[in-house]
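Protein chains: 2
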Amino acid sequence: MAASFSSENMSPPPLLTDFYQLTMCYGYWKAGNHDQPACFELFFRKNPFHGEFTIFGGLDDCLEFVQRFKYSETDIEFLRSVFPPSTEEKFFEYLSSLNCDSLKIYAIKEGTVVFPKVPLIAVEGPLALCQLLETTFLNLINFSSLVATNAARFRLAAGKNAELLEFGLRRAQGPNGGLTASKYCYMGGFDATSNLLAGKLYNIPVKGTQAHSFICSFSSAADMKKRELQSKKNGEMVNFFELCKDKLKVVVDSSNWGVSLQEISEGELAAFCAYAIAFPDTFLALIDTYDVLRSGVINFIAVSLVLHDLGYRSLGCRIDSGDLSYLSKEIRVRFKQIAAMSSDLEWFALTKIIASNDINEETIMSLNDQQHEINSFGVGTHLVTCQKQPALGCVYKLVAVSGQPKIKLSQEVVKITIPGRKKCYRLYSQNGRCLLDLLTLDDEKPPGINNPILCRHPFEESKRAYANPGRVESLHDLVWSDGKIVCERPTLHEMKERVTQTLNELRGDHKRYLNPTPYKVSVTEKLYHFLHEFWLQNAPIGQLD
Amino acid sequence: MAASFSSENMSPPPLLTDFYQLTMCYGYWKAGNHDQPACFELFFRKNPFHGEFTIFGGLDDCLEFVQRFKYSETDIEFLRSVFPPSTEEKFFEYLSSLNCDSLKIYAIKEGTVVFPKVPLIAVEGPLALCQLLETTFLNLINFSSLVATNAARFRLAAGKNAELLEFGLRRAQGPNGGLTASKYCYMGGFDATSNLLAGKLYNIPVKGTQAHSFICSFSSAADMKKRELQSKKNGEMVNFFELCKDKLKVVVDSSNWGVSLQEISEGELAAFCAYAIAFPDTFLALIDTYDVLRSGVINFIAVSLVLHDLGYRSLGCRIDSGDLSYLSKEIRVRFKQIAAMSSDLEWFALTKIIASNDINEETIMSLNDQQHEINSFGVGTHLVTCQKQPALGCVYKLVAVSGQPKIKLSQEVVKITIPGRKKCYRLYSQNGRCLLDLLTLDDEKPPGINNPILCRHPFEESKRAYANPGRVESLHDLVWSDGKIVCERPTLHEMKERVTQTLNELRGDHKRYLNPTPYKVSVTEKLYHFLHEFWLQNAPIGQLD
Numbered sequence: 056m057a058a059s060f061s062s063e064n065m066s067p068p069p070l071l072t073d074f075y076q077l078t079m080c081y082g083y084w085k086a087g088n089h090d091q092p093a094c095f096e097l098f099f100r101k102n103p104f105h106g107e108f109t110i111f112g113g114l115d116d117c118l119e120f121v122q123r124f125k126y127s128e129t130d131i132e133f134l135r136s137v138f139p140p141s142t143e144e145k146f147f148e149y150l151s152s153l154n155c156d157s158l159k160i161y162a163i164k165e166g167t168v169v170f171p172k173v174p175l176i177a178v179e180g181p182l183a184l185c186q187l188l189e190t191t192f193l194n195l196i197n198f199s200s201l202v203a204t205n206a207a208r209f210r211l212a213a214g215k216n217a218e219l220l221e222f223g224l225r226r227a228q229g230p231n232g233g234l235t236a237s238k239y240c241y242m243g244g245f246d247a248t249s250n251l252l253a254g255k256l257y258n259i260p261v262k263g264t265q266a267h268s269f270i271c272s273f274s275s276a277a278d279m280k281k282r283e284l285q286s287k288k289n290g291e292m293v294n295f296f297e298l299c300k301d302k303l304k305v306v307v308d309s310s311n312w313g314v315s316l317q318e319i320s321e322g323e324l325a326a327f328c329a330y331a332i333a334f335p336d337t338f339l340a341l342i343d344t345y346d347v348l349r350s351g352v353i354n355f356i357a358v359s360l361v362l363h364d365l366g367y368r369s370l371g372c373r374i375d376s377g378d379l380s381y382l383s384k385e386i387r388v389r390f391k392q393i394a395a396m397s398s399d400l401e402w403f404a405l406t407k408i409i410a411s412n413d414i415n416e417e418t419i420m421s422l423n424d425q426q427h428e429i430n431s432f433g434v435g436t437h438l439v440t441c442q443k444q445p446a447l448g449c450v451y452k453l454v455a456v457s458g459q460p461k462i463k464l465s466q467e468v469v470k471i472t473i474p475g476r477k478k479c480y481r482l483y484s485q486n487g488r489c490l491l492d493l494l495t496l497d498d499e500k501p502p503g504i505n506n507p508i509l510c511r512h513p514f515e516e517s518k519r520a521y522a523n524p525g526r527v528e529s530l531h532d533l534v535w536s537d538g539k540i541v542c543e544r545p546t547l548h549e550m551k552e553r554v555t556q557t558l559n560e561l562r563g564d565h566k567r568y569l570n571p572t573p574y575k576v577s578v579t580e581k582l583y584h585f586l587h588e589f590w591l592q593n594a595p596i597g598q599l600d
Numbered sequence: 056m057a058a059s060f061s062s063e064n065m066s067p068p069p070l071l072t073d074f075y076q077l078t079m080c081y082g083y084w085k086a087g088n089h090d091q092p093a094c095f096e097l098f099f100r101k102n103p104f105h106g107e108f109t110i111f112g113g114l115d116d117c118l119e120f121v122q123r124f125k126y127s128e129t130d131i132e133f134l135r136s137v138f139p140p141s142t143e144e145k146f147f148e149y150l151s152s153l154n155c156d157s158l159k160i161y162a163i164k165e166g167t168v169v170f171p172k173v174p175l176i177a178v179e180g181p182l183a184l185c186q187l188l189e190t191t192f193l194n195l196i197n198f199s200s201l202v203a204t205n206a207a208r209f210r211l212a213a214g215k216n217a218e219l220l221e222f223g224l225r226r227a228q229g230p231n232g233g234l235t236a237s238k239y240c241y242m243g244g245f246d247a248t249s250n251l252l253a254g255k256l257y258n259i260p261v262k263g264t265q266a267h268s269f270i271c272s273f274s275s276a277a278d279m280k281k282r283e284l285q286s287k288k289n290g291e292m293v294n295f296f297e298l299c300k301d302k303l304k305v306v307v308d309s310s311n312w313g314v315s316l317q318e319i320s321e322g323e324l325a326a327f328c329a330y331a332i333a334f335p336d337t338f339l340a341l342i343d344t345y346d347v348l349r350s351g352v353i354n355f356i357a358v359s360l361v362l363h364d365l366g367y368r369s370l371g372c373r374i375d376s377g378d379l380s381y382l383s384k385e386i387r388v389r390f391k392q393i394a395a396m397s398s399d400l401e402w403f404a405l406t407k408i409i410a411s412n413d414i415n416e417e418t419i420m421s422l423n424d425q426q427h428e429i430n431s432f433g434v435g436t437h438l439v440t441c442q443k444q445p446a447l448g449c450v451y452k453l454v455a456v457s458g459q460p461k462i463k464l465s466q467e468v469v470k471i472t473i474p475g476r477k478k479c480y481r482l483y484s485q486n487g488r489c490l491l492d493l494l495t496l497d498d499e500k501p502p503g504i505n506n507p508i509l510c511r512h513p514f515e516e517s518k519r520a521y522a523n524p525g526r527v528e529s530l531h532d533l534v535w536s537d538g539k540i541v542c543e544r545p546t547l548h549e550m551k552e553r554v555t556q557t558l559n560e561l562r563g564d565h566k567r568y569l570n571p572t573p574y575k576v577s578v579t580e581k582l583y584h585f586l587h588e589f590w591l592q593n594a595p596i597g598q599l600d
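Heads up: the protein sequence lines correspond to chains A and B, in order.
For what it's worth, the numbering used here labels the leading residue of the first sequence as 56, then goes sequentially.
For what it's worth, the numbering used here labels the leading residue of the second sequence as 56, then goes sequentially.
Hint data in this document are derived by calculation from the structure and do not stem from the laboratory.
The model shown is predicted, which means the values in this text are computed figures rather than measured ones.
Each hint should be verified, as a subset may be incorrect.
Note that identical chains are pooled: a pair holds if it fits in a single copy or bridges any two copies.
[Stated by the list, open to error] Calculated cross-link-like contacts (lysine-lysine; reagent style BS3-like; alpha-carbon spacing at most 25 angstroms):
(1) Lys463 / Lys280
(2) Lys300 / Lys463
(3) Lys101 / Lys443
(4) Lys500 / Lys518
(5) Lys287 / Lys145
(6) Lys287 / Lys407
(7) Lys280 / Lys145
(8) Lys280 / Lys304
(9) Lys145 / Lys281
(10) Lys300 / Lys391
(11) Lys101 / Lys164
Modelling step: build the complete structure from the supplied sequences, incorporating the hints.
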């Protein structure tokens, strides 16, 4: 039962695909060309979120899928029930015997910043088998890359020092929509998740505070059956709640916050005390159930001061409503006042303020403008659902069969594919920044270091530039061959580092929020001419009536 | 491996939750009030997609989850690693022993049309245990209900007679994001899915056509190694491709479509022939790879006519680009011309036209305005990602502890909860239409038939109306008690019927696209007074400085 959600067996079965992949497979098989050598490339046409970069995620999941690719007996039985009765029995035998041993797969390293038109994955092998991978690959890459990109954008908006927490499980597309989101948000730049299962399966740090229901469940001191806490200083058991109540009076009397004791919720104080007794060294409180400034923050300060007296230390507080910038600044003022009271309370000024409540990229940037005092953002809905653009449009296109290039034509130039198997390079400037990505014909010489090369826009004739690379990186590694994963399999943490590293290599203007500069994806002179000649050969000539 | 995706074990483990549910649980446990009897209600505050109704989905998944709820040894081990070292060992023993035998769960029937503020599910039981269900319940209900509602809206837009096909797997949030979408789109009003695994697991009809890569993989007749098809009429093997080529010439010569034979792609014809040989009785073709009107539809007609000559019948064609309304009408004109050629070809006029390509609710309505000739819509991205609103904001709120009502206060009236356990009724007019939903105190007498009752808006004092119900339905059934599911578990098909039935009972103005009338969710006079008195008792009185 719970076994179904172990990291071992999360890989989808080959039946997780569109029906037409199987009907086309039968079409190929009946025509006798299912085993023709083919090449498909997986790429996207447009960066998401009005941005100019994308983070590549989901490759390892694809390799896992390829490794386990095998129709089960019940799969075949099901297929038999949905195919016409006339379907040849031998076709089902063929399907039963299929595995991915005959494929070669090339790919960009997972976690790399990537751009439109550059193949993320190239699959070589028998036509029908390559075709069968399409939907599952797209399913595994599209959302992983989209949500990792979204996370990276939140990180860029929040800056290096802010803590980013993913809280999206309740708004994700079901259980493993939530798991995928947690995993790839971490890769893209988040520090932790609230999702325990993701923590268990992927070794991601988990974080959490408390909910309003916890606070609401305590109406008064009477709801606290146990009130004792052991002092860390002298081991003595103390009535923690009473101490907090006394401290509250001291805080109210000695502060200038204009709040009277009656305004402060006793239920809230009881809830905070109960939580502090459970987590005296990592106390966190949700302070907006009643009124942040007239109740929550004062209760929090009182409890934190008593914890301090007993040798413990609070972590921080969370606000989940209201004007987050204003509240965070007001809270910080109060924390600083406490810190100023005595030298051993100086740490109080740095007590963490966590903010949540429908936070998106723009909220964070607006909060930055207002010079907020928030240390940590909890982000849910906008992060995991990618509200601004809930799907990345990766496609998986046939580029060659039996060595013959193939092109997908379209009235829209952006939808035309670049035919034939290609090689892909990233060219870096002399100072180590990414200059552009360059696609070449399969048999062209790789671009050389300090060797100026003409790079052309694939479709716009006049857009050309010489690049003089200080470094050249071949983007595609062989990752699957002879039925085995043949690349190193990076850990999630290594992928996360790759996101940071490759984003650092990208110029700031490609990453900015407003009107970012498009990153150049170019073709060589040879590929340019090949593409355009092939296009003309294949496009029908219209007839004006 | 594939076993992980069987219908048996798709239920998430209890660790699929937010960390704070467990930390709060420890807080309750330490305070000694984890076993206080509590009641939580799950509801949403706003209908999605600017609409005025929602379809309730995901209940059965929740019950499955509750039935299997049990922390495994490795779960406990993991929790031990993320809790502070000071955590009491007895707490982990408590967690290990937890199951849902002590809960009672009440719920509205899955597939029912539902409205804001009405509890979809009410959970009664020990405070900490009820709390632990929150995130998983929300995860299971939010997306299922959202996507079912989206599907229902597509159905309303498309009308009863259009066929609706879900094609969203490649854009969904990972493997079971895709499965959930397929399942609940079917429930909400779709006829079939392209997702084979969903077909296998949930017994949903599967449908599919072919992709551009299939068409592109054939450059000419040379790519067809096998060209024969057996006539259904006389069992003779014929060279199908040659017959189609000849027929094409006849069609071009005898039509007035202004197309010359050279304009028509031979590769496309070969691809259609290959597919027709595989599926002679269910032939479907994707006709927009080259040019719909100057190539695709003519090749399709030629192949269909040869199939007809051999005793088979084509199903239809798909267009995936361009002006779908214009193209569908032009295609229909050609089909009608063929139908008019002889009496045994009359069926040709009704040949199915399937349209896809970024279709959303508005596209369908605009196509309706243009009097399109499409029979079937294939919908992917906008359906499964719910682009217009990718998350439903269900919440799960504490409404009572130890018999004491609880209220969640907020500066925003819409976020205030209605305290206490309630009963929920749907009142129908004398002619069987839904009048309103009515919440009452737990111990109030149910509303009676033909017995006028004052129904009040819960927050707006002056909004009141007498209702005189012709029928009263109690909305909540007991669904879980004594460790067992105690309700009938409807099949997916029964839930789908319930969607249709309950939507039919709803007045048209609540369902229309533009400015729909809000459906009334009311409270009794008694509940109104209780709510407002309790609110005033609990809300702090501000102080003006």
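Status of each hint after checking the structure:
1. Lys463 / Lys280: Result: close only across copies, 22 angstroms inter versus 71 angstroms intra.
2. Lys300 / Lys463: Only across copies: Lys300 and Lys463 sit 23 angstroms apart there, 73 angstroms inside one copy, limit 25 angstroms.
3. Lys101 / Lys443: both (14 angstroms within a copy, 20 angstroms between copies)
4. Lys500 / Lys518: within (22 angstroms within a copy, 78 angstroms between copies)
5. Lys287 / Lys145: between (75 angstroms within a copy, 21 angstroms between copies)
6. Lys287 / Lys407: Classified as within: same-chain Cα gap 22 angstroms, cross-chain 77 angstroms, threshold 25 angstroms.
7. Lys280 / Lys145: between (71 angstroms within a copy, 17 angstroms between copies)
8. Lys280 / Lys304: Within one copy, since 22 angstroms is at most 25 angstroms while 90 angstroms is not.
9. Lys145 / Lys281: between (72 angstroms within a copy, 16 angstroms between copies)
10. Lys300 / Lys391: within (22 angstroms within a copy, 86 angstroms between copies)
11. Lys101 / Lys164: within (20 angstroms within a copy, 43 angstroms between copies)
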